[in-house]
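Read top to bottom, the protein sequences are chains E and U.
Residue numbering for the first sequence follows the working numbering, starting at 81 and increasing by one per position.
Residue numbering for the second sequence follows the working numbering, starting at 1215 and increasing by one per position.
No lab work stands behind these hints, which were simulated from the structure alone.
Check each hint, because a few of them may be wrong.
[Claimed, not checked] In silico DSBU-like links for lysine-lysine, alpha-carbon gap of 30 Å or less: (1) E/K337 <-> E/K177; (2) U/K1378 <-> E/K188; (3) E/K337 <-> U/K1305.
[Said to hold, decoys possible] Only part of the chain E face toward chain U is listed, based on derived beta-carbon distances under 8 Å: (4) K120; (5) A127; (6) V138; (7) V154; (8) N157; (9) E259; (10) A335; (11) T352.
[Claimed, not checked] Okay, the calculated beta carbon distance ranges per label pair: (12) E/G356 <-> U/S1271: 42 to 48 Å; (13) E/D395 <-> U/H1412: 16 to 22 Å; (14) E/V303 <-> U/E1387: 28 to 34 Å; (15) E/V303 <-> U/K1411: 57 to 63 Å; (16) U/N1476 <-> E/E174: 36 to 42 Å.
Computed from a predicted structure; not experimentally measured.
Ideal placement from N, C-alpha and C gives every residue a C-beta, glycine not left out.
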Amino acid sequence: MKSLKLTLAALVASAAFAGVAVARDQVQIAGSSTVLPYAKIVAETFAETYPDFKTPIVESGGSSGGLKEFCKGVGPNTIDVANSSRPIKESEIEACKAAGVTEIQEVKIGYDGIVFATDSGNADLKLVPKDLYLGLAAEVVVDGKLVANPYKKWSEVNKDLPDAEIAAYIPGEKHGTREVFEEKILAAGCKEAGALDVIKAAVSDEKEQHAKCVAVRKDGLAVDIDGDYTETLARIAANKSGIGVFGLSFYENNADKLKVATVNGIVPSTETIASGEYPVSRPLFFYVKKAHLGVIPGLKEYVEFFTSDDMIGPDSPLAEYGLVAAPEAEREEIRKAFADGKIM
Amino acid sequence: MSQVSTSPALGIATKPERRDIGLRRRYAAERRFRLYGMAAIAFGLLFLFLLLFSVVSKGYTAFQQTMITIPIEFSEQIIDKNNERATNPQKLVTANYPVVARNALAKVLGVSEDDRAGLKAVNGMISDSVRVQLRNLVTADPSIIGTTQTVTVLAHGDLDSAFKGQIDLTVPETNRKVSDKQVGWMNQLAESGALSKHFNTGLFTNGASSRPEAAGVGVALIGSLYMMLIVLVLSLPIGVAASIYLEEFAPKNRFTDLIEVNINNLAAVPSIVYGLLGLAVFINFAGFPRSAALVGGLVLTLMTLPTIIIATRAALKAVPPSIRAAALGLGASRMQTVFHHVLPLAMPGILTGTIIGLAHALGETAPLLLIGMVAFVADVPATPMDPATALPVQIYMWANEAERAFVERTSGAIIVLLIFLILMNVGAILLRRRFERRW
């Protein structure tokens, strides 16, 4: 009898909760795990600086996952900001529009460097896109013909590289980092190695040429890491001669365990990335729902706080964590675009 | 058993050749079987020990936190230069408290106020959370402005790691987060007693933070607690009512068989599926807020229900039919039979099943991912409607952090979660003992 009464009470209680669309009093953010640490620092400092506002909620879930949530619609039970380590795609803007999210504001926060690193016990490593392409591509050109990648050791690719088995831990396909890796390393290396010309002769479609250039070998020597950089670090710890792909900030936090490789002879640092000398970098973004500005308390202030020089300037906490600040003029432009309400 | 063990003596004594009943072979088989069993247990224990060892050896340091106790001068020059605080209370909120703390530590270490690089290094030794700490002190009692107070502040996460020996200080200075200068100061402060390790209460009270030294499982603990309460309040009565009806009242036909098959199936459905369902029903349809402990609790309720129903039905089945027959024979109605006689006897089994279901729900992260609870939540949730996170989620989030100081916190949070689970299981055993009846 008692449990029957309890059940009824529970049902009534849950029915009472149902249908209450609750107004939200804090900003909700989701998206890229690369932007996550920066967004966390900003969210925390934001709440400390403005005690009237609650700390924004920052979810992880990847650039694509975040943008998907973002494009679910407008209203307090959808997120306000999507963090992304790549520009929003045309198809995602379409999906957003279909769900009623017609006004999206893009905010660039700065640049992120992608570094190659190996265990700290190894000798200095000098990489160029060509060597990485030859070591990691699915098919390479040998004697003018495309064949399945025959190289097993780095020294076979380039005799200056160490005499170690090829083992690379690269970001998985759902990572925003993967795209940069493909563009700036594999596609560039493909061209340098002269493979592009051979592929061009074989395939006429430009998209397919590109796809062939960036295809990564599937024989187990190049391992896709779908988790975070922590997993890549653990793989390097287990296989000392392995090469891993990290974000600059993650590397800087673990510089005692890792040895960073130069690319084209340039050591990655916030300076070389800001000046454009270091080739593998990408812009980081977040996207704001314009319809939520003025509705969700603190959203406008959060964006303004994020884009201020106190946060993304060259001497800011984000820069200290590893974000590469955009040049002064670009930062000014970012702030102006947001203040003017420029939509995509 | 007893026959087998007595017969050899008799058999061997009388006619050993004629009665070959394979005793040796059978004894050997039994010994082998016992050995297999012991090996299996030893294997399990070995892994349990390895797990506990790796967690505890990495995590025990998380329960202590490096702090610096220094006299801090709440200089009017820095906090409120033009004495505006009476008219403009905002002044005390936005004042530059980190500089107050930095100057105090610089004074102790004898760093001059013109040495910019030195001051920056000093600043890197104190946690940024000092801003809120000092602000709270000042807003609670503005009269301390202009005085000097002895305050214990958190050391920076990197310094904490260095003090605990988690940073390899033999590598070149540029390759680590603490400089030789800072290590020197650290040793100097430690000798004078200003820098020491204290019990880490912040680990239990603070919410998530991007600064490892100020991060804690407070929000996650409260979030998990809310969710467990919701799961208990909803799934126990619903689950027990469903099983009593199915077991004691419902006719046995194809339809109830179908229901039984489905319940057993649901118990095996991957938990992420419940997360998808929760997102569609509770957030998109019912309009509940994202990241709220309420939604998490409802999703986990759905996930736990099949487990509780199966356990309850098994417990009800185990009550001997003679109890029911006796009650009915004495004129009790069917409902009286169930609630006065069957249910009390089945209670230990029901409670065990419920607590195992709850413990399972406590350890889930996958269904929480889609409803937005795998998130950075810094504010303590006042009600289940506020955003919260859960203990296993906090462990997962910390495991992905780049800073060294989060390594020990990840293991520390695992220890907290394990203690929670042990307490729940002890509770289950105690309840079972309390209600156990023999017949």
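Here is what the structure says about each hint:
1. E/K337 <-> E/K177: violated, 46 Å
2. U/K1378 <-> E/K188: Not satisfied, since the Cα-Cα distance of roughly 38 Å exceeds 30 Å.
3. E/K337 <-> U/K1305: violated, 44 Å
4. K120: holds, 4 Å
5. A127: holds, 7 Å
6. V138: Holds. Min distance 4 Å.
7. V154: Violated - the Cβ of E/V154 stays beyond 8 Å from chain U, reaching only about 13 Å at its closest.
8. N157: holds, 6 Å
9. E259: With a closest approach of 21 Å, the E/E259 hint is violated.
10. A335: holds, 4 Å
11. T352: violated, 15 Å
12. E/G356 <-> U/S1271: 42 to 48 Å: holds, 45 Å
13. E/D395 <-> U/H1412: 16 to 22 Å: About 32 Å separates the Cβ atoms of E/D395 and U/H1412, which means 16 to 22 Å is violated.
14. E/V303 <-> U/E1387: 28 to 34 Å: Given range 28 to 34 Å: holds, Cβ gap about 33 Å.
15. E/V303 <-> U/K1411: 57 to 63 Å: violated, 40 Å
16. U/N1476 <-> E/E174: 36 to 42 Å: This hint holds: roughly 39 Å between Cβ atoms.
Against the hints set out earlier in the document, violations occur for numbers 1, 2, 3, 7, 9, 11, 13, 15.
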